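The primary structure of each chain is shown beneath.
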Amino acid sequence: MNDELKHIDLIDKHLNGTLNTDEATHFEQLLQHDTNFEKEVTVYKRIYKRIEDRAAVEFKERLNDYYKEYQNENSAKPKGINRKLIIISSIAAAIIFGIFLVNNNTTEDQNPLFEQSDSDVVDVEDKDSVEHKEPIPKSVNEGIVHEEIKDTVSHFEDNTQLSIGGLKQLPATLVRTIEYPIALQYTFTGGEIFLFGDPSIASLQLQIVKNNKSHYFLKYRDQYYSIEKTISKKPLQLASNDYSVTKPTREKVKIKLKGIEEVSNISKDLEVSFSGKRSIVQTYFFEEKDGLTHLVIDGDLELSISKVFSIHEGTKTNYYLKIGKKLFQMNSEVTQPTPLKEVYILTNKQTQLFREDRELREKTVYLVE
Amino acid sequence: MTDKEIIVQLRSGNEYCLKYLYQHLEMVKSWVKQNSGNDDDAYDIFQEAIIIFYKNLMEGNYESKSKISTYLFGICKRQWLNQLNRRLKYEKPNDNFVALDNRQDDGFEIEFTCGRQSLKKYIDEALEKLGEPCKKLLETSIYLKLRMQEIAELFNYSSAHSARQQKLRCIKRLREQMSYELIIQLK
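First to last, the protein sequences are chains Z and L.
Position 59 of the first sequence, counted from 1, bears residue number 59 in our numbering, the numbering being contiguous throughout.
Position 149 of the second sequence, counted from 1, bears residue number 149 in our numbering, the numbering being contiguous throughout.
I should point out that these hints are in silico values taken from the structure, not numbers from a laboratory.
Computed from a predicted structure; not experimentally measured.
Nothing false has been slipped in among the hints.
Below 30 Å or equal to it, Euclidean Cα-Cα: the simulated DSBU-like pairs (lysine-lysine) are:
| id | chain 1 | residue 1 | chain 2 | residue 2 |
| --- | --- | --- | --- | --- |
| 1 | L | Lys136 | Z | Lys316 |
| 2 | Z | Lys68 | L | Lys33 |
| 3 | Z | Lys6 | L | Lys145 |
| 4 | L | Lys120 | Z | Lys349 |
Please model the entire structure based on the sequences and the hints provided.
Right, dumping it as C-alpha cells:
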C-alpha cells in the first residue's frame, strides 16, 4: 500500500470509529505534525458526511417504495366467484395439508397443536370434493395458501421429509441466454411498432421520423435507425446520422415495448435442476459439469411462470431467476447452497429488462431532411 | 415470510425484503393513535424504527432473541414517547412549527446557497462521475456501516481484504476529482 492509500485507510477507520490503539497513536501523530494530513481529515469528514446524508435520504425514498409495494400486494385480491373459489379451495388445501402432516407425524410428534387438530379433521366427503382443485391456489393466490402452509410446515421443518428425492430438470426452453447490451429488434405494421428487448426505454428517448421518400427512421438515444414495414422481427439497422427534424406530420405511431424474452435464445451451456421441495428458504448453487454450468435450485419452480436467464456482458455473466413477477439474482461463484436473493426490478439497467411490457403514448411522426 | 427468513434475506443483501416489515405498521398505528398521535406520526416513527433495525442488523448489532415485531414496537414506543414529551414541553397553543424540529435532514431543508454551487452539489456530482460499483460500495459501507466481510459477499469480492482495498481505491478516486479549496470554501 502506498502512503496515500495508507493515510486514507487511517482516516477511514477514524471516521468509522474502528482504529485500534496503534493506529490511533499513529493517527494522532500525523494530525499534529503533518498539516497536509490534518487538511485531508477535514476534507474526508465533509465527504463522508455528505455520502451518509444522501444515502439516508435515498434509503428513505426506497422505504417509501417498499411500503407502496407492500400496500399494492395486500390490496390486489381477486374478485367475485374466482376469489371465493380460491379462498374455499385454499382453506381446503391447507386442511388437507394439515391432515397429511398429522398422518405423517402422529407416531413420533409430540406437538400439542396437532394433537388437538386431529379431532377437527374434516370429513372425507369434503376432502374428496376439493382435492382436485388444489393446484389452483398455488399459482393464483400465494398470499393465502403459502402463508398458511408455511406456518404449518415450520413446526415440522426438522423432522419431516416433504420432498420426494431426486432433482427435476427445468425444460431447456425455459433456460434463456442473451448478450448485453441488448440488440433491439422490431416489427412495424400499420401504425404500430413493437420494440423487443428493453421494456425500460423511456418515451422521451424515442422519436419516429420519415423522409420525403416515406422512409421511416426510429431515433433512439440520438441515433437514427432505419425501419421498414415488417411483420417478422428484424434487428434495428443503424442509419446515417445527418438528418435534421423539420416539422410534424399528421401521422401517429403507437410504440409497444416488450421484454428480453423474445430476443433471447435457448442457452446451450447452462442446465437448471430443482428439487420441487417447498422449503422455507429456497437456496441455489452452481457447479461445473462436463463443460456445462449446472444450476441447482432447492425449491419449487412452477413451470408456467418460471424462467432462468443468463445475461452476458463482456466477460461477465449474470444469472437471474424470474418467478412470476419476482426476480432473483444469482451469483455463479456460489458453490454451496445459498438463499435465493430477490432483487427489486428497478435496481439497475439489467434488472429493468425484466419489467412488464409497456405501451407508450402515441407519437407524432416528424419529417426529416 | 417468517422472521428467520427475513433476516437471512436481509443479511444476504436483499434489502427489498424490508417491505414485509410493514405488516407490523398497523399495530404501531393503533397504539400511536391511542396516545394522541395520528397515522402520519405512526408512519414516520415506524420508518425510523425500520432504519434503526436494519442498520443494527447489518452492523451485526441485532440479537434475534425477540421477535422483529416486538423489537420494532419497542423502538416506536420509545421514540413516540420522547417526541410527545418534547411536544408537551415546547408546544404553545396554535404553534405548529415544533413538528419541524426533527426533520432537518429529510431532504426538506431549504437551500440557502441558491444560484451558486453548494458543497452538497459538488460532492454529489463527483459521486455520480465515480459511477458503480464504487458509489454503491461507499454508500453501503459508510451509511449502513456494513463490515468488509459482508461487503465482499455482496459485491462479489474474493475476501474482506480485497473489498477493503476496493473501498480505499474508490475513496481515493473520489477525492482526486475534488479540490481542497472548494471543499473547504463551499457551504
